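Line order of the protein sequences matches chains A and B. Letter by letter, the first sequence follows residues 1 to 315 of the numbering used here. Letter by letter, the second sequence follows residues 1 to 502 of the numbering used here.
Just to be clear, a hint being listed does not mean it is correct.
Unchecked claim - Examples of chain A residues lying across from chain B (beta carbon under 7 Å, computed):
| no. | residue |
| --- | --- |
| 1 | Met2 |
| 2 | Ala7 |
| 3 | Arg56 |
| 4 | Thr70 |
| 5 | Ile90 |
| 6 | Leu91 |
| 7 | Thr98 |
| 8 | Arg100 |
| 9 | Glu109 |
| 10 | Asn112 |
| 11 | Leu286 |
| 12 | Asp288 |
| 13 | Tyr308 |
Rather than coming from a laboratory, the hints here were simulated on the basis of the structure. Predicted model, so just to flag it, every value in this text is computed and none were measured. Quick reminder that beta carbons are idealized off the backbone N, C-alpha and C, glycines included.
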Amino acid sequence: MMLSRIADSLFWIGRYMERADNTARILDVNYHMLLEQPPDTYKLRWDPLIAITGERTRFYQRFEEANAQTAFDYLGYSADNPNSIAQCIILARENARTIRDRISRELWEDINGLYHKINKLRDEGEGLSRFCDAVKRGGHRFHGVCEATLARDDGWHFLQAGSAIERAEMTARILDVHYHQLVEGPAILNEARSHAWVAVLKSVAAYEFYKRQNMHIEPMRVAELLLLDQRHPRSVRFNLGILQNSLYAISGSVPGSYANEAERLTGRVHERLTYDSIEEIFAAGLHDYLEEMQAACRNIGAHIAQTYLYYSVTA
Amino acid sequence: MWEEARLSSAIAAAAGIRSLFEGYDPGTFYDEIIGPDGLPRPECVAMHDILAGMPLDVFEERRQLADLSYLVQGITFTVYSDGRGTERLFPFDLVPRIIPRNEWNVIERGLAQRVMALNLYLQDIYGKQRILRDKIIPRSLVQSCKHFRREMMNLSVSRDIYVHIAGIDLVRDSRTGEYLVLEDNVRSPSGISYVLENRLVMRRTFARAFESSEVLPVDHYPAELVQILRSLSPRTGERPVIVLLTPGLYNSAYFEHCFLAQEMGIELVEGRDLVVVDDVVYMKTIHGLTRVDVIYRRVDDDFLDPLAFRADSLVGVPGLMNAYRAGNIALANAVGTGVADDKAIYAYVPEFIRYYLGEEPVLRNAETFLCSDPVQLKYVLEHLPELVVKAVGESGGYGMLMGPSADKKTIEEFRDRLIADPRNYIAQPVIPLSRCPSFDAASGTMSPRHVDLRPYCLYDGEKVTIVPGGLTRVALQKGSLVVNSSQGGGSKDTWVLRGNEI
Numbered sequence: 001m002m003l004s005r006i007a008d009s010l011f012w013i014g015r016y017m018e019r020a021d022n023t024a025r026i027l028d029v030n031y032h033m034l035l036e037q038p039p040d041t042y043k044l045r046w047d048p049l050i051a052i053t054g055e056r057t058r059f060y061q062r063f064e065e066a067n068a069q070t071a072f073d074y075l076g077y078s079a080d081n082p083n084s085i086a087q088c089i090i091l092a093r094e095n096a097r098t099i100r101d102r103i104s105r106e107l108w109e110d111i112n113g114l115y116h117k118i119n120k121l122r123d124e125g126e127g128l129s130r131f132c133d134a135v136k137r138g139g140h141r142f143h144g145v146c147e148a149t150l151a152r153d154d155g156w157h158f159l160q161a162g163s164a165i166e167r168a169e170m171t172a173r174i175l176d177v178h179y180h181q182l183v184e185g186p187a188i189l190n191e192a193r194s195h196a197w198v199a200v201l202k203s204v205a206a207y208e209f210y211k212r213q214n215m216h217i218e219p220m221r222v223a224e225l226l227l228l229d230q231r232h233p234r235s236v237r238f239n240l241g242i243l244q245n246s247l248y249a250i251s252g253s254v255p256g257s258y259a260n261e262a263e264r265l266t267g268r269v270h271e272r273l274t275y276d277s278i279e280e281i282f283a284a285g286l287h288d289y290l291e292e293m294q295a296a297c298r299n300i301g302a303h304i305a306q307t308y309l310y311y312s313v314t315a
Numbered sequence: 001m002w003e004e005a006r007l008s009s010a011i012a013a014a015a016g017i018r019s020l021f022e023g024y025d026p027g028t029f030y031d032e033i034i035g036p037d038g039l040p041r042p043e044c045v046a047m048h049d050i051l052a053g054m055p056l057d058v059f060e061e062r063r064q065l066a067d068l069s070y071l072v073q074g075i076t077f078t079v080y081s082d083g084r085g086t087e088r089l090f091p092f093d094l095v096p097r098i099i100p101r102n103e104w105n106v107i108e109r110g111l112a113q114r115v116m117a118l119n120l121y122l123q124d125i126y127g128k129q130r131i132l133r134d135k136i137i138p139r140s141l142v143q144s145c146k147h148f149r150r151e152m153m154n155l156s157v158s159r160d161i162y163v164h165i166a167g168i169d170l171v172r173d174s175r176t177g178e179y180l181v182l183e184d185n186v187r188s189p190s191g192i193s194y195v196l197e198n199r200l201v202m203r204r205t206f207a208r209a210f211e212s213s214e215v216l217p218v219d220h221y222p223a224e225l226v227q228i229l230r231s232l233s234p235r236t237g238e239r240p241v242i243v244l245l246t247p248g249l250y251n252s253a254y255f256e257h258c259f260l261a262q263e264m265g266i267e268l269v270e271g272r273d274l275v276v277v278d279d280v281v282y283m284k285t286i287h288g289l290t291r292v293d294v295i296y297r298r299v300d301d302d303f304l305d306p307l308a309f310r311a312d313s314l315v316g317v318p319g320l321m322n323a324y325r326a327g328n329i330a331l332a333n334a335v336g337t338g339v340a341d342d343k344a345i346y347a348y349v350p351e352f353i354r355y356y357l358g359e360e361p362v363l364r365n366a367e368t369f370l371c372s373d374p375v376q377l378k379y380v381l382e383h384l385p386e387l388v389v390k391a392v393g394e395s396g397g398y399g400m401l402m403g404p405s406a407d408k409k410t411i412e413e414f415r416d417r418l419i420a421d422p423r424n425y426i427a428q429p430v431i432p433l434s435r436c437p438s439f440d441a442a443s444g445t446m447s448p449r450h451v452d453l454r455p456y457c458l459y460d461g462e463k464v465t466i467v468p469g470g471l472t473r474v475a476l477q478k479g480s481l482v483v484n485s486s487q488g489g490g491s492k493d494t495w496v497l498r499g500n501e502i
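Model the full assembly from the supplied sequences, consistent with the hints where possible.
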């Protein structure tokens, strides 16, 4: 027995924690990569980050240019940005607080601890690097505490679903934005290209894994890993697989069937990611493909809400 | 005992440690730990010695550990004055309040008697109204009570229990050493979670003191409560579905709601999780609607059902009263219990005990003047600077005048209010509350601070169960007599010692 409201909170705890973690990753990797780049490229290299988080409009209403400081301000702490890392952690904590009787004490204390930690870092004026580090560690600990302390009931699957859908969407977006910049961007970036692809890989913790299988950094192979890899926990396909399993566990459907629209859409996207080849995808246009993936994620999220969380009751 | 106390102080002195009790002066008030001879009371010696022999830095370290444990668990309340929503801890003082067993036995008898009488009174008021016909209490006083609910007349409640949970505030009068009842809370009293959490923290912080003091446990409270809730279910034969109804995250007692729901293993719900279909209450789950049998509600009557009471309530459940009337749902506490804890009705509770039980009250009321009575009102108006005036329907230290410390302007404001609406006020002489040593961070030593006591009583229709001790609230500001958390109060762990009897 699980209240819809509680399932909703768990789903969003999964999403917000993942969003905070991903944002910290891209911020951190970008910052470190740029430390070795010529200063001219700065401006050009912070803008994509803002684009990845879908916050360009609001950002440029506030700041004239994207640089390390403004990007950190806005993506790190800003209360005006509903997707800033601090806001995500606040919302994850609020959600956890409303259902703390339904999660392990360890999980609540962990999320609450992360909240107090980032407040402390802000009050101490700590820089981007230490801040992102704390958030990334927080993200890892979060998954660890969930894995080690939560029962595998429906609640667990809503949390998994939220986290998987967010991660899939984020990875697709990271790839999309960087691909634009790197393939179509200004010539000044030429020499930095391979550096930048390394940064992309690092921001999804896939650099080591990639290097084990490929000698050189090639955009197509990077895209293949991020999109289609079956083993890497941040690839789009991997996460659609997790999502599909969780949805099956919640409804009791068996593989090869579906009980609702969310499951049907998830199954279809997962099939495509399983059987499409990267060569076919490039031939048809990577950008369109990524757009489609992101739209599918949004759509699936909406159907999960309709099916389980916000259905109407006629009294 | 006496020798030991001297000894530990002597050891401390020899080690060059300044005792936390150095210069402690109990003054003219009754002190809960230190006797009139300046030495710890017999039951307090063990704890006193541990504290007296503890260097300041060790004590400070434990104090910070305790604070940290509240912070980590998120047992905080939010202050919005700085725009960002700062979270503060409810101050917790590490010095426990210790009650000897023989005193506790008296308190327990007195509270049980009181809770029984309050229930009989509510049954009567919402039924035959014998007590009104017998003119024990004026009909007008009862019917003018803001919390009297006409909707409850002749409505039968599950097992005839109105008050399942009561929190009754006691104070000790320094002049006589006697415990007096200051206030009854029989709507939805809060604070029990602090009793349980304070104990948890104390056990971790002062494990050694527990070894030597034989403190009675408190952690069976949730199990006792859930057993009562279970017994109320209108559906027999089925495993009852019990929920705790909370107003939500922004309620100041939200932590407690979560805590109790979790401890009792019941669902924590908000109004929006519940729906009434054909006079049956359901909750919305991911797999459809599930029937609910018992609601432990922490939402006030006014907000419970927007169709029956306040239409603007967003935290209630439309149609809940119909389901209640149809006997399809049990509520704890019952609707309308506020007609028993109104501060003017309070003055009559000793009469209820005599009328319904044929017994003399074990615990006396504090002397109280009813402003609704012209003679008493006249006295109150003439003596405002010496009295405490309270609005009858308020709690939490709101709507209150502390005569001795109030300025002229405030006193005159209250005079006008009293004349305009006398039914709404009572007055009491200022009671010199007893004090308990409490840590004063500014001086780094123990200082006496005023305390009260709120024990929690559970009634199952036959007997009253009381968790030994309860919540000791302490006015942490020097000289203050106001212990409410909203007014700068803190809390302490409360120990009832096993003593000689079992």
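Hints broken by the structure, by number, lowest first?
When the structure is compared with the hints, numbers 3, 4, 5, 6, 11, 12 turn out to be violated.
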